[in-house]
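When you get a sec, could you build the whole thing from the sequences and use the hints?
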Amino acid sequence: MKRELFKTFINCTPDAEAATYQVLGDDLEELNIEMSANVSRTSNILGENSITIDRYEKTASVEPYKADSGTPLFTFLKGIIDDEKTLDELKTDVVNVDVFGTETSGAYPAYKEEVFVEVTSYGGSTEGFQIPFNVHFTGKRTKGAFNPATKAFVAA
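For reference, each letter of the sequence shown is one residue, going 1 to 156 in this note's numbering.
Derived by calculation from the structure, the hints in this document are not laboratory data. There is no bait here: all hints are sound.
Restricting the straight-line Cα-Cα distance to at most 30 angstroms, the calculated cross-link-like pairs of lysine-lysine (DSSO-like) are:
1) 91 with 140
2) 151 with 140
3) 58 with 143
4) 2 with 58
5) 7 with 66
6) 66 with 91
7) 58 with 78
8) 66 with 78
9) 151 with 58
10) 85 with 66
11) 143 with 91
12) 140 with 7
13) 66 with 140
14) 85 with 143
15) 2 with 140
16) 85 with 151
17) 151 with 2
18) 85 with 7
19) 58 with 140
20) 2 with 143
21) 140 with 78
22) 7 with 143
23) 91 with 151
24) 78 with 91
25) 7 with 151
26) 58 with 91
27) 151 with 66
28) 151 with 78
29) 78 with 7
30) 7 with 58
31) 66 with 2
32) 140 with 85
33) 58 with 85
34) 91 with 7
Label pairs and their computed distance ranges (CB to CB):
35) 56 with 79: 24 to 32 angstroms
36) 122 with 47: 49 to 57 angstroms
37) 75 with 28: 15 to 23 angstroms
38) 13 with 120: 20 to 28 angstroms
39) 42 with 75: 46 to 54 angstroms
40) 82 with 45: 56 to 64 angstroms
The beta-carbon is built from N, C-alpha and C at its ideal position, and this holds for glycine as well.
Set out below in structure tokens:
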């Protein structure tokens with residue numbers, strides 16, 4: 001399966017009435033969502049092992065992000081930098097879309113999840129202005145469908 005068949009869209013206008021989604025991927029050769037499971041291991045006196053996985057602390061690193069001043073994502077990230085936003089000001093959502101899944105009227109299976117965006121640095125080299133950032137997933141997920149053409153999410 002080709003990597004381009006799994007897409008991640010980020011909401012660049014979290015405070016607006018309607019979401020403005022932009023796909024992550026320009027200038028990225030790799031984008032992984034690290035699951036970071038919380039694993040607890042115990043052993044009893046009989047030599048038996050027990051493993052419990054009780055939650056995931058997912059993150060994704062978007063690096064490099066070469067700034068494009070004509071995009072909603074640039075406006076969102078530059079706002080974090082300029083206003084030194086914190087707490088709920090960093091909250092938005094992402095939609096992970098299985099474009100390899102079964103399409104229904106242009107929409108594909110998807111999960112929308114609340115996230116916090118952490119700008120890790122800004123500046124860069126002579127290659128251009130860069131704003132690398134991390135996406136921290138909260139675990140608040142909604143299953144549904146997403147239409148990449150209209151960028152509309154509909155909860156199941």
